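*Asks:* Chains as they are written, first to last, in our numbering: chain R, 125 to 347; chain X, 5 to 456.
In case anyone wonders, no lab produced these hints; they're calculated from the structure.
Because the structure is a prediction, the values reported are computed rather than measured.
Every residue gets a Cβ at the ideal spot worked out from N, C-alpha and C, and that includes glycine.
Watch out, some of these pointers could steer you wrong.
[As the list claims (entries may be wrong)] Calculated lysine to aspartate or glutamate pairs in the EDC-like style (CA-CA distance at most 16 Å, straight line):
id : chain 1 : residue 1 : chain 2 : residue 2
1  : X       : Lys348    : R       : Glu209
2  : X       : Lys300    : R       : Glu209
3  : X       : Lys300    : R       : Asp210
4  : X       : Lys348    : R       : Asp304
[To be verified] What the simulated footprint calls covered on chain X by chain R, stretch by stretch (three residues with Cβ under 8 Å from a Cβ of chain R suffice, anywhere in the stretch; the number is not a length):
id : stretch
5  : 172 to 179
6  : 274 to 286
7  : 323 to 332
[As the list claims (entries may be wrong)] Sample of chain R residues facing chain X (criterion: CB under 8 Å; computed from the structure):
id : residue
8  : Asp304
9  : Met305
10 : Thr311
11 : Val313
12 : Met340
13 : Val343
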Amino acid sequence: MKILIVEDEAKTGDYLKQGLAEAGFTADLVRNGLDGMHEGLSGEFDLLILDVNLPGLDGWQVLKALRAAGRDFPVLFLTARDQVEDRVKGLELGADDYLVKPFAFSELLARVRTLLRRGRAREATSLGLADLELDVLKRRASRAGQRIDLTAKEFALLELFLRRQGEVLSRSFIASQVWDMNFDSDTNVIDVAVRRLRAKLDDDFSPKLIHTLRGMGYVMECR
Amino acid sequence: MNWRHSITVRLSAAFALLTMLVFAVLGIYLDRSADNHMAELDAHELMGKLALVRHVGSQEDSPAGLAARLSDALVGEHGVIVTVDHGNTPVFSWPEQAPRELAQAAVAVGETPVRLQINGSDFRVVAGPLLTGWGESVRVVVARDIAHHTDFLTQLQRDFGLALLAACLLTAFLGVLIVRRGLRPVRAIAQAAGRISAGKLAERIVDREVPPELVEMVQAFNAMLERLEESFTRLSDFSADLAHELRTPIHNLRMQTEVTLNRSRDVDEYRDLLASNLEEYERLAKIIADMLFLAKAEHGLLVPHCENVAVQPLCARLLEYYGLLAENIDIRLSGDAINVAGDKLMLERAIGNLLVNAIHHTPENGSVVIVLSLTDGIAQIAIRNSGPVIPAEVMTQIFDRFVRLDPASEGSGLGLAISRSIARAHQGEITVGVVDGMTEFALHLPGNAAPA
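Could you build all of it, start to finish, from the sequences and the hints given here?
*Replies:* Here it is in structure tokens:
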């Protein structure tokens with residue numbers, strides 16, 4: 125998976141590139157709008173991460189030019205201003221998602237993966253990890269053959285974890301995906317929700333599948 | 005200084021103009037009445053002389069007798085001319101060298117005095133017929149040289165003109181003094197205003213010492229100062245609060261990083277430090293984002309992306325989410341199905357903040373209720389909790405930034421301020437009170453009934 129990053133802020137760009145590379149992507153970084161447009165038009169990419177505030181040609185112009193040229197890879201734009209007009213404008217110009225700076229890298233990673241997954245073959249209806257099994261259609265979960273009763277939201281949370289095995293999921297990403305809550309609250313709702321899921325899923329079983337990554341969020345994997 | 009707009013200059017000029025006007029009217033009136041009075045005196049004299057000549061003429065039986073008696077009667081008269089003519093033949097004339105042109109010029113004159121100019125001198129003239137004692141029909145002309153009258157009037161006019169000029173100058177000068185004195189309170193106000201600076205916004209102008217005409221201005225000025233002081237205080241409090249709020253996480257970051265770096269440690273400890281740092285960064289980012297949100301709201305830059313938002317499902321969703329925090333709290337949603345025209349994300353945030361607060365302040369086995377209602381086009385979203393009642397003195401400032409009921413609270417202290425700014429951005433308001441013994445926070449927003 126090849127990702128193009130257009131970001132003029134030096135440190136942000138470098139760490140974006142490093143983070144994405146370490147997450148298993150091939151990432152190209154350019155530092156201004158003109159290069160971004162040139163690369164986007166000539167190279168083959170699966171996704172574009174586009175900063176809006178760029179010297180010379182700004183992000184909107186780059187996006188417009190690429191879409192006008194028929195480039196239809198998903199675009200995730202980054203903005204420092206959390207303004208409704210920005211949101212609306214970006215999405216109208218053909219961007220697929222956006223993040224407001226400062227954002228958590230895990231959040232970016234999660235969104236990048238969502239965008240890359242989009243439009244691909246139908247998602248699996250049967251998920252599993254170790255001895256955990258989940259039947260999405262029948263809404264049934266079991267571990268070591270033992271049925272686990274889950275509420276609707278617990279099921280949705282578990283499904284998200286299973287579909288995103290090995291990925292760090294930030295609290296705000298979980299809140300937006302499972303509860304459609306799109307602003308950061310100071311609360312530990314997600315911690316409570318994950319604790320309850322763990323109680324049903326991990327407490328009586330081994331190995332543990334849900335792990336806490338301090339400062340970042342949660343990850344489901346079999347360690 | 006802009007002289008055209010100087011009050012002193014304008015008022016003094018107005019005084020001078022007024023004086024000139026009054027003097028001019030008065031002068032014209034005096035001139036006219038003096039002239040009339042003199043014309044009356046002249047007429048009286050002329051008619052007297054005419055009567056005298058007629059009386060003597062009708063008694064005398066010869067022109068010589070007439071001349072002798074009239075000469076006697078007119079002795080000592082200066083400036084008076086009397087001529088008696090029979091056709092074109094002079095019968096008598098006084099003084100003897102009286103200009104002949106007079107009788108010719110006065111051909112059309114009757115017994116009403118008329119002004120005539122003869123040989124460059126002004127005369128007032130009457131004339132009339134007379135049947136003499138010797139049986140001849142003659143014409144009598146009596147004229148008065150009025151040069152000394154016109155001289156007097158001219159002199160009067162000149163004097164008056166000079167007086168007028170002097171009066172104008174005097175009033176202009178006095179006007180300057182009076183206006184300066186009159187404007188003294190204004191200068192005092194200006195001096196008081198000059199003493200006011202950012203550090204001394206508490207200064208006020210005492211309106212008891214100000215003339216009544218200026219009281220309104222002074223009060224408006226003081227009110228402006230009041231508002232300025234308030235905003236200024238709020239602004240400096242805001243900066244102080246912000247600095248204080250940012251100081252804690254930065255202090256934590258610094259301490260833990262310094263202590264960790266003090267000596268060599270194993271990888272897990274470094275990982276722990278970075279994770280802890282990340283938490284603090286998140287806290288900082290959140291405070292900054294919230295402060296930016298509030299700053300934008302305060303400058304009217306918070307423009308809601310308006311759509312028709314069904315409040316009931318939104319509240320249900322919030323309850324389901326935040327309900328996770330309220331294990332032993334009875335939490336309910338009741339009331340009408342209503343719509344609010346507004347920004348869904350912002351409304352979610354405003355209601356969410358209130359809900360989180362309510363849950364935090366409700367003890368175990370307590371209850372939290374959201375009540376929706378609609379009155380007169382205003383949707384009410386009331387969030388009530390059975391937690392301890394908020395003291396009245398705290399209620400008034402509970403929506404201010406960084407006001408925390410519970411000092412140990414983890415929250416940023418910005419939630420209620422943000423909820424209020426969202427309500428206001430939607431042309432609504434937020435209130436706090438006590439209803440049925442429960443603490444109630446309510447959003448009042450323009451809304452309508454949702455179709456069933």
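*Asks:* Which of the numbered hints are not met once you compare them with the structure shown?
*Replies:* 5, 13
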